[in-house]
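**Student:** Next come the chains, spelled out residue by residue.
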Amino acid sequence: MSKLTPVLSAHWDEKDSFTIEAYTRHGGYTASKKALAMDPDAVIQMVKDSGLRGRGGAGFPTGMKWGFIPQGDDKDHYLVVNADESEPGTCKDTPLLMANPHVLIEGCIIACHAIRAKSAFIYIRGEVTHVVRRVNAAIADAYKAGHLGNGIDVTLHIGAGAYICGEETALLDSLEGFRGQPRLRPPFPAIAGLYARPTVVNNVESIASVPAIISNGAEWYQSMGTEKSKGATLYSLSGHVNNPGQFEAPLGITLREILEIAGGVRDGHKLKFWTPGGSSTPLFTDAHLDTPLDYEGVSAAGSMLGTKALQIFDETTCVVRAVLRWTEFYKHESCGKCTPCREGTWWLVQILRDLENGTGTEADLEKLLDLCDNIMGRSFCALGDGATSPITSSIKYFRDEYIAHLTNGACPFDPVQSTLFVGAVK
Amino acid sequence: MSLNHEVMQSIIKRYPRSRSAIMPLLHYVQSVSGYVTNEGIETISKILDIETAEVSAVATFYTQYKRKPVGEYHVGVCTNTLCAVMGGDAIFSALKDHLGIENDGVTPDGKVSLEHIECNAACDYAPVVMANWEFYDNQTVESAKALVDAARQGNPPAPTRGPNRLVTYKEASAVLAGLDDGLAREGIQAGGPTLLGLKLSKEGK
Amino acid sequence: MTTTQDSAVAVELITVVIDGFEVSVPKGTLIIRAAEKLGIQIPRFCDHPLLDPVGACRQCLVDVEINGRAFPKPQASCTIPVEPNMIVKTQLTSPVADKAQKGVMELLLGNHPLDCPVCDKGGECPLQNQAMSNGRPDARLDGYKRTFEKPINISSSVLLDRERCVLCARCTRFSEQIASDPFITLNERGALQQVGIYENDPFKSYFSGNTVQICPVGALTGASYRFRARPFDLVSTPSACEHCASGCDMRTDVRRGKTLRRLAGDDASVNEEWNCDKGRWAFKYVTAVDRLAHPQVRNAEGVLVQASWPEALAAAASGLKSKRAAVITGGRVTTEDAYGYSKFARIALKTNDIDFRARVTSDEERDFLSAHVVGTSTTYRDIDVADHVALIAFEPEEESPIVFLRLNRNVKKRGLKVSAVATKQSIAMDKLKAEFIKVAPGAESAAVLALSLTPKSVILVGERASESAGLFSTVASLASKSGAKIAYIPRRAGERGALEAGAIGNLLPGGRPVTDAAARVDIAAAWGIDSLPTQTGRTTSQIIEALSANELDAVVIGGVDAHDLPDSGRVIEALKKSFVVSLEIVPSAVTAVADVVLPVAAITEKSGSFLNWEGRARAFDEAVVDSQNRSDVRILSMIADAMGESIMLGTVTASAREFNQLGNWDGARTQFTPVAGQTPHSVSGNEAILTSWRRLLDMGSLQKGEDNLAGTRRPTVAVISPKRAESIGITTGQQVRVSNAHGAITIPALVEDIHDDAVWVPRNSFASQTLIALNAVHGDVVTVVKA
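Residue numbers (the numbering used here), protein chains in the order written: chain A, 543 to 968; chain B, 178 to 382; chain C, 7 to 793.
Same shape as in the complex, but just chain A (with noise of 0.2 Å):
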């Protein structure tokens, strides 16, 4: 038996999977039906007993956080949606939403009954014109079926191209027309978020996992997964394999037991270090191999989950070109608010290219080691943290590498071998 659970990603395989008319031809808001004649407090219960957690990376129950919205505090209540999928590796939101938006819809009908909302804005990054078409069409339809417009609104709000409005309250200030930065917390959003009123921010993955949960049951839901990472989940598999692409599979599942079903690294070439969870959460090598990855798992193995992004490099990668990059990322996307991850960001990336370019010092090294330790923990938000993770564990796997750099006088690789035509280009 197959160790993946295709349950978002069941019916990506039919022509019209984005269409109402495929997802109602597969028991398309039922769910939603069935959550609206339920207690929304027991809408939220059912989702706490579920076990879900967010799948945007931080892994916060779901459940819980609806809870946290105030209730009878004649307030508006909103449901945001959190589309901005930017973290460098992730790209399960995207197909997702590419193949079979409503499911998204429907869960954020299910999400409005329960925390009592009546609109919910779905945040999307401007960088994808055809999954924006795709969202909006199907908002439209559900609310010629009637799905939508009675009682619960749905709005697309379209992002412009900002790594930072993925934090959730930078988002928020996007969304209220301002520059997309962090703000101060407290007050929490399911205090005072949009528009300062109660609100939840869930990722796109959290609310589509929503529906199913309602037609099958917590328990159902609750047998899939580790002790306290419950349920199923989107892994994406990209970089040197042969069969990169989406994998729905039970939570504790490894990247061994993937590279088994997907068909395994690049041939002729080996696995180097690879990420669990997006640029952010620090690297692993070849030792995690069966790390199980859940919350717990990759945590106790000194990363993060984060968006199950798993990106692979094998041997022919830099390790330091490929950090040097993703700090230069890093910098490019740092907001400007806050003076560790602004200035930080903007040294990281010089002494990075030293070291790459075979010019820096050892010296360099301890340098790069001790501005991040004044970069994690420092930042206003996590993005400051991130950007430090690739370096110290790159750092920590592959000290002998950057030190090659050095002895070398420049990069000891061939960029040409990692990339996917070598053949051609040879």
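There are no misleading hints in this set.
Lysine-lysine pairs mimicking BS3-like chemistry, simulated, CA-CA at most 27 Å apart: (1) A:Lys770 <-> B:Lys382; (2) A:Lys557 <-> B:Lys382; (3) B:Lys243 <-> C:Lys151; (4) A:Lys938 <-> C:Lys79; (5) A:Lys545 <-> B:Lys382; (6) A:Lys686 <-> B:Lys190; (7) A:Lys557 <-> B:Lys379; (8) B:Lys322 <-> B:Lys243; (9) C:Lys156 <-> B:Lys243; (10) C:Lys43 <-> C:Lys33.
Derived by calculation from the structure, the hints in this document are not laboratory data.
For chain A, the structure is supplied; the task is to place chains B and C on it using the hints.
**Tutor:** Same frame as chain A, now just chains B and C:
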């Protein structure tokens, strides 16, 4: 073409508070002018009753808002680590040479502009090139060159995962302003990598 | 444990331990300020006590533990309020906090230019100072630094050196949170983030100078001070602002006898830590090249010639002695000088013919002042606790900018309701979200009665109420009906003090009614004279009339611009035929026709005080100590001596002491006799009713020579309603001609929310000086056509 106030009002109406409309309005300005013009900033300031500085503060924060014209086909090459390593760097460098422009440059005919972009959430299709923010998956140096050449001739190939034709930058910007172009049903529902897990599970793997 | 901060409000105290020391502070106090109470200085940049916490610079990181549970990482002490059982370890006791702070400082300095030797902030720079106290001893970031083109003018008054900026956002937060002028914002992102304006709209805020003052580095500099001085060459003197009745506490910095800059002082109960750009940047008039240096006397040929002080004093004395003479002081003299004028009129001239109001006035206003204002005190604090503030004939941002800031704070922080009875919408009303009760010019009186106020409400009434008959009367009746407090807000700094000092025809010092025998006895006794004149004195306009009609022979004038008075041509004619003694700092239309001109000290050259609109004393010292110029009161005393009618006020100190000893009148107030309102003119066709007030930055004589400041004036426009615009076929920006039989003003139109019958033009702006060009006042009929 000039800014249509009815369209702008319809965008504002989506939100409980008008200021939230600033981002789609900026996309809308790009759909009319190809970039964020001063006229656009001043119009948004007036229509939302906020200061021009508040509009430009937002317009300059987000990478997708351009303060100078881009090409009819704006090409972004992902050079974030994974795509870069797998060929993005080679593609970007080849396109710069091929087009004779630098990062953020536009070809003299105004047809193609080039930008290296960050991770575009399609890592399982690396290396990825975006044109007007439509997916061109699994690119090579050759395929990318062919894409920009055809774009300069006015007949770019259709996106890998997108509508049956590549819309222009302005047309794409209208979609990003939330305006319907009727193309949602075109194109495939998912590419091979998206379906791989499902396929393998059906095969019992 | 509780304490009382304010007699009414009990404040809960919370005790925390910081670096091993216990401190009890009010609930809600931020850690960084609790530490200050212990004398522990936590370094900071973005933190400012009057701005909302932002936690952006991360310089103030400290270790925090609550109920034995430590935060896993250091926290920004500027964002976290104290809690019970909190233990804080600052850089003094926590190596982690110390390293975190040094790490942040290193990053702030990394991209900061090493241009301290040429930076205006050098020597008084929080970055420089804290880099010394909380920075690493050596630099190790040796790559390339961020550079920007420098400097950029974000307005004619403010320059920005972006590479010096530490992005603390104090300036942008001030502009948004305090002034509601978000013309400067953070732009771009990440390491390229920078403060800036939108390219076509400069930083035209009346409060822009505050951003220069609170900038913790040399990124924002004032154009008029840039490269002028080093802080350690300056001598600083606490001072008070002479420009308006807000009463700002100030600091004047002088180098070798010359004022180089002025800064907002810190007075939590008045201006907090802010001031307006006029107060900050309009001071060159003091050192104007045409300052009067010597006395002048008109000789037998009728020519004004330089004279010695004894000659001039003798000439003044003989011209005034035993003559029917009056006094007009203008609204800018200090309380001590006003008291001198008041006493001089009564003793040396034996008259109550004195008025401090050199502007459009009414008898109704004078009666109102004696019945409802003198000796009373409505304060900024009353605004803070008001349930509703009504603005009557008062445009706060233009006419008393710190009152605007206080209103704005209350609107923003607690949603204070503001209503304005006005002829037109204004920028301030928009920012204050004020209810706009629109009236035709002249119809204010009736509209006021419609306001529904409570005993917790405050009525802010401006001096312009004198321009609408019956308005003060309805304000008085509204106050008595509702129990609301009245605050009278004159425009000029000296008016309230002059009122209290009795520089007005119906009041003796301390608010004693001239017509009250007991009040007269009071003062006569204090002054050691037998009696005081019993007849209520003339008002400014009556004095001019009397001079014209030869019912008065002479007049002493202190600091009056004839063009501030209606019909200035007639005023000059009246002065020409009279004996005029003018106390002035620069030549003017009055000195030109005076018989004796006596130069007096300007504000920086003397000590003294003003009473602001609250009636609160705002004292200041001499900033320039070696001036040869003397205060008005000293000169009046010398004239009186020369007349043989000593007033015994040889110094400012003596004047202050004597005035304060008199105290306030505790007898009956004068009764206020209401004046009926008038029906405004009815207009038709191209006729309109003029409405007008002064802008903060305009052609005012104290702003002379301030070209940078002038660059941030609001544009001169004629405001007309959409209906009128349509009827005369004009749109915003097109030239419009406002005229009457006297003359015309031709300026661009602004189509805005104004009463259809009205046209608004600025009263004293470039190309729009209504009193000079039109000789018209609020309520007069003019013609408005397309130019």
